[in-house]
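Produce the complete structure using the sequences and hints provided.
If you want the building blocks of each chain, they are given just below.
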Amino acid sequence: MQNEMTTFKPKIVAFCCNWCSYAGADLAGTNRLTYPADVKIIRVPCSCRVNPMFILRAFQRGADGVIICGCHPGDCHYTTGNYYARRRMTLLFSMLDFLGIEKERTRVEWVSAAEGAKFAATMNDFVATVTKLGENKRLEDLRCKK
Amino acid sequence: MQRIGVFVCWCGSNIAATVDVAAVSDTLKNEPGVVFSTNYQYMCSESGQNILKDAIRDYQLTGVVICSCSPRMHEATFRKAAAAAGLNPYMVEIANIREQCSWIHKDKAAGTEKAIILGRAAIAKVHLNAPLTAGESPVTKRALVIGGGIAGIQTALDIAEAGFEVDIVEKQPTIGGKMTQLDKTFPTLDCAACILTPKMVDCAQNENISIYAYSEVEEVKGFVGNFHVKIRKKARYVDTTKCTGCGLCTEKCPVKKVSNEFNLGLDNRRAVYIPFAQAVPKVATIDADHCNMLKSGKCGLCAKVCTAGAIDYKQKDEIIDREYGAIVVATGYQPIALDKYDEFAYSQSKDVVTSLEFERLTNAAGPTGGTLLRPSDGTHPHTLVFVQCVGSRCEDDGRGKSYCSKICCMYTAKHAMLVREKYPDTEVYVFYIDVRTPGKNFDEFYRRAVEEYGVHYIKGMVGKVAPRADGKLMVQACDLLANEQLHIEADMVILAAAIEPDPSARHLATMLTASMDTNDFFTEAHPKLRPVESPTAGIFLSGVCQGPKDIPETVSQASAAAAKAIGLLAKNKLTCNPCVAHSDEWMCNGCSACEKVCPYGAITYMDKEFRMPDRTTAIRRVASVNPAVCQGCGACTVACPSGAMDLDGFSNSQIMAEVDAICKMK
Amino acid sequence: MSKEFDREQILRTSGVNPRKCMRCGKCSATCPSYDEMEYHPHQFVYMVEKGQLDELMASKSIYKCLSCFACVERCPRGVEPARLVEAVRLQVVRQQGNNHLKANDIPALLDDDLPQQAIVTALRKYSK
Amino acid sequence: MQEMMIAKARELLKSGAVQRVLGWKAGEFAYDVEPAVFESAQELEKSFVYNDFCGSNLSKYLIAQSRKEGKTLVFLKPCDTYSFSQLLAEHRIVRENVYAIGIPCQGKTDGETLKGKGFTGILSAQCEGDTFTVHTLYGDKTAARADVLPERCLNCKSKKHMIYDELLGEDGEVLDSHRFDMVEKLEKMTPDERFAFWRGELSRCIRCNACRNVCPACTCEKCVFDNDASGIAQKAAADSFEENMFHIIRAFHVAGRCTDCGECSRVCPQNIPLHLLNRKFIKDINELYGAYQAGEDPDAKSPLTDYTMNDAEPGIVYHRGGNQ
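Protein chains in written order, with my numbering: chain A, 1 to 146; chain B, 1001 to 1666; chain C, 2001 to 2128; chain D, 3001 to 3324.
Each hint should be verified, as a subset may be incorrect.
[Unchecked claim] For lysine-lysine, the following DSBU-like pairs were computed, each having C-alpha atoms within a straight-line distance of at most 35 Å:
1) B:K1459 / C:K2050
2) B:K1106 / B:K1029
3) B:K1108 / A:K9
4) C:K2050 / B:K1573
5) D:K3188 / A:K9
6) B:K1401 / B:K1472
[Stated by the list, open to error] With beta-carbon atoms standing in for the labels, derived distance ranges:
7) B:H1487 / A:A121: 15 to 25 Å
8) A:E104 / B:N1483: 27 to 37 Å
9) B:Q1060 / D:N3209: 53 to 63 Å
10) C:T2121 / B:N1483: 53 to 63 Å
11) B:K1295 / C:P2032: 43 to 53 Å
12) A:G134 / B:H1228: 40 to 50 Å
13) B:S1045 / D:D3228: 41 to 51 Å
14) A:T34 / B:R1003: 32 to 42 Å
15) D:E3034 / B:Q1060: 58 to 68 Å
16) D:K3185 / B:A1017: 38 to 48 Å
17) B:D1377 / C:K2102: 22 to 32 Å
[Unchecked claim] Covered by chain B, according to a simulated footprint, are these stretches of chain A (three or more residues, beta-carbon under 8 Å):
18) 29-36
19) 40-50
20) 56-66
21) 128-134
Simulated from the structure, these hints should not be mistaken for lab results.
Just so we're clear, the structure is a prediction, and the values are computed from it rather than from any experiment.
Ideal Cβ positions, reconstructed from N, Cα and C, are used throughout, including at glycine.
Spelled out as C-alpha cells, the structure:
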C-alpha cells in the first residue's frame, strides 16, 4: 500500500490567468522554486474564462485534480472577472461535493504575479493532497460499469 | 490539417540542462500535423528567428509551436518573426518549458516528459488556431472633461493647447470647483482666486474649449475613440447668450433667504444668483426651488429689471448629443458630513466649523469680508482649536473613512499660521495624530507655523467638545507626550473633515463602465505605472476622483491625464486586440447573460432577421460584440449557456484540446 | 503564571487587538476618570501590546475605570480600551482566586441613593 | 374551472383578441394529458381539459408560439408563472404576443404516481378537498390527496401568480415549503453515502434528453450537447463519465435560472430525482448569496451574473456540507 502511494503520480491540470497567476508561476520558475512535474499549466486570459466544462472534461480524460488560479479578488486585470469565477467555482465545487466526489480534488487559489513562492507552495500542497486521495475514480464510477 | 513546425529552444543551458531538447523535438516530430521539428540554442536570437522564418517558407507551415521561455517573455518576438515570414502571427503558440518546466524540475527524465506533454498541448491548440486580424476603429478628435474644477480646467486647457476640441461639463452654474472657495493656498500662500480665475477665463476664451456649466452627463455609450454622450443642460431660466452678468436681477429679487451654497450656508443669496463675482460663465441662474415666479407664477421682478431681456421662465432642460474620442473624469470631492460626530458638537454649535467653512470665514470675498468672526455672535475669537483627522483614518463603524485625506495637515498648518499672523492676540492649538507633510517645501511650511508663528501643536486627539451657556466651547483633549488631559476654553473649534469622492461619481462610473474602489474613488489601470488611466480604455482620471490629493498634485495629474488623452486623440485609428469574444448568431438565445457580466459594455443586442432552414424568416434577438471594446476576458463565454459566445485565441475547443493533450484518455 | 500567558489571556478575554491602535489618544482625551488613573487608557493599550503587565496589574488604575465605554465609543480604530482594562482587572481578580463581590452580598448593599448601574459595574469589576 | 376556461378562451378567440389557445388536451388515457394548441371553438370543445393531470408547464411552449403572428392565450398555474416570468426576463418570449390567464392549482398528480400507488385501470380522477377519488375500471377508489401528489406538489413553493393579464379564481400566497429537506438530508450524509446514492440514481440514466427537452430553462437555440463544435456533443455515452458530465453541466447551465418547477423529475422515465441537483444549486445560492427565487422579480440580478466583493471563497465548500 505504502509503495503504491509513493509510485502514484497524479495528473493535475492548473488553469492560470494570464495576468497574475501565470506570471506568478513564471516567477516561481525564475526563483527556481520546485514543485512536482505532475502539474501542467493551461494559460487562460482570466479565471472567469474557465468553464465548468473544462474542469469536468479534465476529470473525464483522467485528471486527478484541477486547480484554478487567478488574481486576488479586487485585483482582476479585467476588474470583475475573478468575482464571477469565484461564484461559479464555489457552486460547482459544492455540487461535486454533493455528488460525493472528493472535494479536495478541486481548488481555487488567488496567486498574484508577485507570489511565486505561494504558487510553488500551493502546487506542492495540492499535489500532496491529491496524491493522498489516489486515482480519481468516483467521477467515472458515478455510473456503474456493468 | 495544419502544417505545424516545432522549434525547441535550449535557452543555452537554462532549458537544455534539465530537459533533453533533442528528445523533445524528436518525439514531437511524430505528432499529427507536425511536418518539421528542430531544436536550437537560442530561438530568440536573430539566427534562431531565421530558422523559424526559413522553415515557415520552406515547409509551408500553417502553424508554429515554440517550446521555450514564458510567452510573457517572447511571444511578441516570435509572432513578429512569423509575420515577417508571411504567417499570421496568431498561428504561433508557445509551450513554456523554461519557467514552468526546466527551472523548477531537477530530474531530467521528468522534465523531458513534461516538456513533451506541454509541447503536445500547444500542438493540439495550434491545430484549432485560426488566423486573426486586429481590427481598427477611428478616433473622434474631441475630448470630454467631466468636472470643471482645477483638475478639469487644467486638463481641458492642456488638451485644447494641443489643438483638440474639449468640452467641459460642470454641474454647478460656474466652473472653478472647490478651489474657488479657498482663501490662500499652501505652501506659498498665493491667493487661490488670483491663480485660479485667470485659468477660468482662459477656458472661456479658448476657441477649442466649450463650457457646459449647470449641466450633467446623462448617458454614455460607445467605446474608446467613439463615445456617444448625452449631456443634460439644466434650465437656468436665463438666456446665457443675452445675459451680461450685470447682476441687477440678483439685487432686486425679493426672495432673499436662500442658503448660499458657495459660502456653505454661512450666509444667504437670492433666488436668482451668480455664485461669485468671477464666475465663468458669468450669467445669472434662477433657482427653481425658490423662485416665486416659477413656483406660483407671481413675481416676475427679475424679468422686469433685466435690460437685456435674458430672463426666460419657460426655458427647458436641453439634451445635447456629442461624440468624443476620450473622456477625462475630474469629478472631485466633498467634505464628509459630520452629523455622526456628536463628540465635536458640530451640529450643536455654530462656532464649531469645518475647515472649508473656515476658508470662507477668512476669505475676503466671504460672508465676513475676510475678518475672522465667531459665526454665533460675530465677536473676535481668542482661542482656536484645530482638530485633525476628523473622519479620516477611521476604521470603526462607518462614521468615517479608513484612508488618510492627505490635504488636512497642510491646510490646517496654513489656517493656524494665517490666524496667528493676522491676529497675534490669539492662542491656536492643533491636535494631531501624525503630521504628514511629504511634499516640496511642505515640512518647512509646517515648521514655520510652529517655530515662527507659535502655533501649539499637541500630539493627541480631542475627545469631547461641549458648548457652554456663556458661548465658550469646552474642549477636552489629551496631550500624549506630556501624558496629561487638557481642558481648553475655546472660542472656535475647526474640524479637518475627511474628504470623499463627489457623490455623482458612483453613477458616472456605472455609465462609463469604469471601476471604483470600495471608497468610490476611481480605480487606475495600474496603481504605479498607469496612474491616470482607468482600466476602461479611453477613460482618464484627473484629480481627487482617483484619490485624495492637493492642488499641486491635482494639477500634475490633470496634465498627465491630458497628455494621455492627447496621445489617444492624435491617433487616426486604433488597433484592437484580436483575441476578443464573438457570438455565433445562430446559437445565441438573446438571453442577455453575457451582457450582464461584461465589464466593458462591449456586448449589445439587436433584433436580426434570419432566414431559417425551413425557408421562413424569423426575427431573433442576438448578441453582438464590439471588437474595439472587448478586452478578451472571457467572462461572457461561461455565462452563455448555449456556448454561442466564444473567445478567439482561447476558444472552448482550443482549451479542451489542451486539456485532452495533458490528460490523455486513460 | 508567565507574563506571556497573562497577555494571551487578556487579549483573549478582551477580544482586543492592540496593534490596531494608531496612538491618537482619543480614548484618553475622552476619559472622565483620567486624572484618577496612574495609567491612562491609551497607555493600557500600549503597555499590553508591549507586555508591560506587571505595572498594569499592580496599578490602582484598573479599579478607577468607570466602565463608561466612552473610549470604546470614540476610538476611530475600534480598539476598545475599556475592554482591555476590564480584562486586566479580571486577570488580577482571577489570580487572587476569589470574588470580591458576590451576587448574594448585593441585597445588603442596596440603598435608595445608590444607582443600579453602580451595583452592576461593581459586580463586573470585583467578581470573576 | 374547465368550463370557465373554455368559455373565456372561446370568447377571446371569437373577438379576435387571440389567435390561438395554449392549454392541455386529453390523451388516450385520462392521465395522458398533454400540452396542445387550439385554434377554434370546435377544437376547444372537443379536447380541451383542465384537471388534476394537467401538470405540464406550458410556459416553454410560448417561446415558439409567441413568435407566431397574432396573440396566444395561455393558461398558467402559479408555478408556471415563475418560468414564464424568467423566460420574459431572458427575452425568450415576445410579451406582446401573449395573453396570460392565471389559474389556480391544488397540486397535480400524474399517471406514474398513481400507478406507483397501486391504482390500475384509471378512467379519470377527481379531487374534493383532501380526498382524491380515482375512477377505475374496477370501481371508484379514494386516497388522501397527499398520497397521490408527487413530491414537487407536496412541497409546493408558491400558490401565487407572478405575472398574468387576467386571473381566473383566487390568487394564493407564497408558501413556506420544505423543499430543501431532501437536499439537506443528502448534505448530512457522508461523501461515501452521497456517492452511493447518486451512483444508484445516475447510473439509470439512459440519456433520453427528456429532462432537457421539457425544462423551461433549457431553451437554447442549440444545446451544447447537440453542438459538434462544443467538444462535448455526444448523444450516446462514449464513456461512463458522459452522463455525469451531462447532468452536472445541465444543472450548472440552469443555475440561477431554474425556478424549481420540477418538470425534469416528472418526465424522467427512469425516475431519477434530477430536481435535487437544481435544488442543491438553489439552496447554495440562497445560503451563500442571499435568498433568490428565479422568476420572482424580473429586475433582480441573477446570482451567477452578479457578485459582491465579499463573496465566500470556493474553499468554503471544504467546511460546509458533508460530515467527512
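Consistency of the hints with the structure:
| no. | hint | verdict |
| --- | --- | --- |
| 1 | B:K1459 / C:K2050 | 21 Å, holds |
| 2 | B:K1106 / B:K1029 | 25 Å, holds |
| 3 | B:K1108 / A:K9 | 16 Å, holds |
| 4 | C:K2050 / B:K1573 | 63 Å, violated |
| 5 | D:K3188 / A:K9 | 32 Å, holds |
| 6 | B:K1401 / B:K1472 | 30 Å, holds |
| 7 | B:H1487 / A:A121: 15 to 25 Å | 56 Å, violated |
| 8 | A:E104 / B:N1483: 27 to 37 Å | 55 Å, violated |
| 9 | B:Q1060 / D:N3209: 53 to 63 Å | 44 Å, violated |
| 10 | C:T2121 / B:N1483: 53 to 63 Å | 26 Å, violated |
| 11 | B:K1295 / C:P2032: 43 to 53 Å | 51 Å, holds |
| 12 | A:G134 / B:H1228: 40 to 50 Å | 59 Å, violated |
| 13 | B:S1045 / D:D3228: 41 to 51 Å | 43 Å, holds |
| 14 | A:T34 / B:R1003: 32 to 42 Å | 37 Å, holds |
| 15 | D:E3034 / B:Q1060: 58 to 68 Å | 60 Å, holds |
| 16 | D:K3185 / B:A1017: 38 to 48 Å | 57 Å, violated |
| 17 | B:D1377 / C:K2102: 22 to 32 Å | 56 Å, violated |
| 18 | 29-36 | holds (count 6) |
| 19 | 40-50 | holds (count 10) |
| 20 | 56-66 | holds (count 5) |
| 21 | 128-134 | violated (count 0) |
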